[in-house]
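Asker: Given chain A, work out where chain S should sit, using these hints.
Protein chains: 2
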Amino acid sequence: MKPVNIGLLGLGTVGQGVANILIRNANEIKRRTGRDIRVTRAAVRNQEKAEALNLGIDITTDSQSLVTDPDIDIICEAMGGDEPALTLLHTALDNNKHIITANKALIAVHGNSLIDKARDHGVSVAFESSVAGGIPIIKALREGLAANKIEWLAGIINGTGNFILSEMAEKGRSFEDVLAEAQALGYAEADPTFDVEGIDAAHKLTIMASVAFGIPLSFNGVYTEGISKISREDVEFAAELGYCIKHLGVARRREDGVELRVHPTLIPEKRLLANVNGVMNAVVVQGDAVGPTLYYGPGAGSEPTGSSLVADIIDVVRGIDANMLHRVPTLGFQPDSIEPLNILKAADYQAAFYLRLQALDKPGVMATVTGIFGELGISIEAILQKEPDEAAIDPAMCTVPIILLTGSVKEGLIDQAIERVQALETVVEPVTRIRVETL
Amino acid sequence: MKPVNIGLLGLGTVGQGVANILIRNANEIKRRTGRDIRVTRAAVRNQEKAEALNLGIDITTDSQSLVTDPDIDIICEAMGGDEPALTLLHTALDNNKHIITANKALIAVHGNSLIDKARDHGVSVAFESSVAGGIPIIKALREGLAANKIEWLAGIINGTGNFILSEMAEKGRSFEDVLAEAQALGYAEADPTFDVEGIDAAHKLTIMASVAFGIPLSFNGVYTEGISKISREDVEFAAELGYCIKHLGVARRREDGVELRVHPTLIPEKRLLANVNGVMNAVVVQGDAVGPTLYYGPGAGSEPTGSSLVADIIDVVRGIDANMLHRVPTLGFQPDSIEPLNILKAADYQAAFYLRLQALDKPGVMATVTGIFGELGISIEAILQKEPDEAAIDPAMCTVPIILLTGSVKEGLIDQAIERVQALETVVEPVTRIRVETL
Numbered sequence: 002m003k004p005v006n007i008g009l010l011g012l013g014t015v016g017q018g019v020a021n022i023l024i025r026n027a028n029e030i031k032r033r034t035g036r037d038i039r040v041t042r043a044a045v046r047n048q049e050k051a052e053a054l055n056l057g058i059d060i061t062t063d064s065q066s067l068v069t070d071p072d073i074d075i076i077c078e079a080m081g082g083d084e085p086a087l088t089l090l091h092t093a094l095d096n097n098k099h100i101i102t103a104n105k106a107l108i109a110v111h112g113n114s115l116i117d118k119a120r121d122h123g124v125s126v127a128f129e130s131s132v133a134g135g136i137p138i139i140k141a142l143r144e145g146l147a148a149n150k151i152e153w154l155a156g157i158i159n160g161t162g163n164f165i166l167s168e169m170a171e172k173g174r175s176f177e178d179v180l181a182e183a184q185a186l187g188y189a190e191a192d193p194t195f196d197v198e199g200i201d202a203a204h205k206l207t208i209m210a211s212v213a214f215g216i217p218l219s220f221n222g223v224y225t226e227g228i229s230k231i232s233r234e235d236v237e238f239a240a241e242l243g244y245c246i247k248h249l250g251v252a253r254r255r256e257d258g259v260e261l262r263v264h265p266t267l268i269p270e271k272r273l274l275a276n277v278n279g280v281m282n283a284v285v286v287q288g289d290a291v292g293p294t295l296y297y298g299p300g301a302g303s304e305p306t307g308s309s310l311v312a313d314i315i316d317v318v319r320g321i322d323a324n325m326l327h328r329v330p331t332l333g334f335q336p337d338s339i340e341p342l343n344i345l346k347a348a349d350y351q352a353a354f355y356l357r358l359q360a361l362d363k364p365g366v367m368a369t370v371t372g373i374f375g376e377l378g379i380s381i382e383a384i385l386q387k388e389p390d391e392a393a394i395d396p397a398m399c400t401v402p403i404i405l406l407t408g409s410v411k412e413g414l415i416d417q418a419i420e421r422v423q424a425l426e427t428v429v430e431p432v433t434r435i436r437v438e439t440l
Numbered sequence: 002m003k004p005v006n007i008g009l010l011g012l013g014t015v016g017q018g019v020a021n022i023l024i025r026n027a028n029e030i031k032r033r034t035g036r037d038i039r040v041t042r043a044a045v046r047n048q049e050k051a052e053a054l055n056l057g058i059d060i061t062t063d064s065q066s067l068v069t070d071p072d073i074d075i076i077c078e079a080m081g082g083d084e085p086a087l088t089l090l091h092t093a094l095d096n097n098k099h100i101i102t103a104n105k106a107l108i109a110v111h112g113n114s115l116i117d118k119a120r121d122h123g124v125s126v127a128f129e130s131s132v133a134g135g136i137p138i139i140k141a142l143r144e145g146l147a148a149n150k151i152e153w154l155a156g157i158i159n160g161t162g163n164f165i166l167s168e169m170a171e172k173g174r175s176f177e178d179v180l181a182e183a184q185a186l187g188y189a190e191a192d193p194t195f196d197v198e199g200i201d202a203a204h205k206l207t208i209m210a211s212v213a214f215g216i217p218l219s220f221n222g223v224y225t226e227g228i229s230k231i232s233r234e235d236v237e238f239a240a241e242l243g244y245c246i247k248h249l250g251v252a253r254r255r256e257d258g259v260e261l262r263v264h265p266t267l268i269p270e271k272r273l274l275a276n277v278n279g280v281m282n283a284v285v286v287q288g289d290a291v292g293p294t295l296y297y298g299p300g301a302g303s304e305p306t307g308s309s310l311v312a313d314i315i316d317v318v319r320g321i322d323a324n325m326l327h328r329v330p331t332l333g334f335q336p337d338s339i340e341p342l343n344i345l346k347a348a349d350y351q352a353a354f355y356l357r358l359q360a361l362d363k364p365g366v367m368a369t370v371t372g373i374f375g376e377l378g379i380s381i382e383a384i385l386q387k388e389p390d391e392a393a394i395d396p397a398m399c400t401v402p403i404i405l406l407t408g409s410v411k412e413g414l415i416d417q418a419i420e421r422v423q424a425l426e427t428v429v430e431p432v433t434r435i436r437v438e439t440l
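Chains A and S, in that order, are what the protein sequence lines are. Numbering-wise, my numbering puts 363 at position 362 of the first sequence, and it's gapless, one number per residue. Numbering-wise, my numbering puts 110 at position 109 of the second sequence, and it's gapless, one number per residue.
Just chain A, with the same shape it has in the complex:
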């Protein structure tokens, strides 16, 4: 089948993410779609800089020529801002091209007209990457939870704001102090208004609410309150009461309408959302049938955002030759691309281990045990030795638990070590062995 040609508007952080993923994972993506997908042309402002990236893409500064190019099937917009992005996307639709964008402000404010035009032309508008970076939340709302009447959703959908609040909570720092650091780290813009005053979150909330409730994109209806007035004391007092402060976007359906609101919020500290820290994003969705589900992941960045944008490309490509079986193959890969892989035996796994031995409380036991691990080249990360039971009748036969955390090791090797430890006369019960994963 002929390759699908992508035209990329913009080759900055997100555009490069898209190009890199399509190049690196070309084989995996062909296994999933049955088609070759390649970025053939990119329109940029600085031709020299873009050509220096050496991506094998035809570079132009004439963005108009891209959106009218008859050889291009799908236009991906990764330039940001209002104009010329909006006009270019309209022109692409007029030329019957599918459009995919990461531009949340554009969709939240101008999406309705783009969607209408796309419908007239029989093409797609896709915007998974415009909300919550790499988290496939639009797909979850439109498809995964399609059986539900969505009652509400609440999300941490601005990484910069969450980084600031997390640092304030963890380190007792002030808003101004952390903001300055976030700007130095490149998490926050020189003008941080969009992030800290909740405008960026309001754009994303607008899009999620529309997809959750089936309402037109309604950015002007969002109530927005920022985090710049949250003080260090409030963060501390909230903690004393058992809460974390998070900047949430909330959309709630009521009998008499919908609430669309972005504001600082106290959340009970035990909730998963309260434990979403740093630049990560998460969204909780309450459906009437499923109850609560949560989606968590990186909210920004080159390849996380690129992951969602390329997922949209794959969706469109799977739809282009739409017979149902071809769209999404049952196992996610094309039937003739399903390949058996060598399924490894447990002895070949690599893991760190928690080991608990019950040993006689005699001198030299610990040295013998750790000696065995040393000989086998297994490192010990932590040792916990408990006091013997004082009430033991015969102190000489008194046993104590010894807990070891090992470094990462082949399972075959840990089994050898256990066998040798178990054989010691001073070790009196079977050794308990549990794997450790830092995930």
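Since the list gives no way to pick out one identical chain from another, each pair is judged satisfied if it fits inside one copy or across any two copies.
Distance condition first, Cα-Cα at most 20 Å in a straight line; then the derived SDA-like pairs of lysine to any residue:
(1) K346 to G258
(2) K271 to E168
(3) K271 to E171
(4) K411 to R436
(5) K271 to A240
(6) K230 to V432
(7) K363 to V432
(8) K346 to R254
(9) K271 to S167
(10) K387 to M398
(11) K3 to R42
(12) K387 to E241
(13) K411 to E152
(14) K271 to A170
(15) K411 to E226
(16) K230 to E168
(17) K363 to L425
(18) K387 to P402
(19) K3 to P336
(20) K230 to Q359
(21) K230 to R357
(22) K271 to G243
Because the hints were derived from the structure by calculation, they are not lab data.
Answerer: Below, chain S alone, put in the same frame as chain A:
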């Protein structure tokens, strides 16, 4: 367009969930698909009991007649077990019907042959509900993360086992003690082997691994270790070391093959997975582009599982009339079903509030403040009053912070209360007001 007719094999917990959702959310689902979808017939063992449910469904004990019924478009299998489910699904495929199943054992062990036959007949096999209940994890793996080479995934995918481990950790109880309670509560079967020995988790892991890596369903390759040998002491020692013990299913791609394993695992207590408690499920997926994403929700139950099964029905229906725009409408609802809803003003929101006032440290201040809330009918859930600063120069002018947590109240009302409190001479700084959400 003509309605889509569903035939339901089994009308137990899951089958009733499917029927109830399709009836209750008929309108919402039609807005999403453009089609009426109804369960027309159900095959059961006990006709009388099923008819007593009064679901308006034609009930039969002749399951064979269901899977050959020319009026039925899609067969949903919610009976469980091996046979007759497998033979019935094969017959349904032979009759060119799409099949959807919640039966993880069936897919993990016999899925390859069902998928091959479905392909020959040009129909779908769908099984979102077979893994992690209401969490749309199959969709995330097959579509949302399709840009990625999946590196590994790790999940808490058995609610019974997680309930037992959570109770052991939170309350210091023994495995046997909690298992007995879980059986009494109906979370665990009389024979709990499938749950606590990891066989159920191995079925689900088999399915996720296949979809993540594009490999044939390989249940026999899964290494499985149960949780029945985890002792109360291990849970406590792990906690002392900063870890939780969870029963994980892990699939990891390596240069030389894949690891497929289910076993108890220590996880650092700060990780979100370590905080997934009770009967909830969660899966972390590591993609090469997106990094880590996490999916959390109820792992079982009538409507959570029904939610996923109905999502599969909607997917199939959207595919039946597969032109791309019709498949998944851009906003998730059919264009002529997009309805504006009244977008509420902030004064109409209902929330609990955290309020911080800075007040002079004089007798009677607290009584006056709480009096205002009482008059407006606003309940106070918690009060935190800090000691005055001892070093203050003029004790009469010394101020103290007072923190109030209110009950749920209309925002308009809280604003009235704040206005009156703010007007007090003893309240010296603007009142800080932050919303509380228990989610």
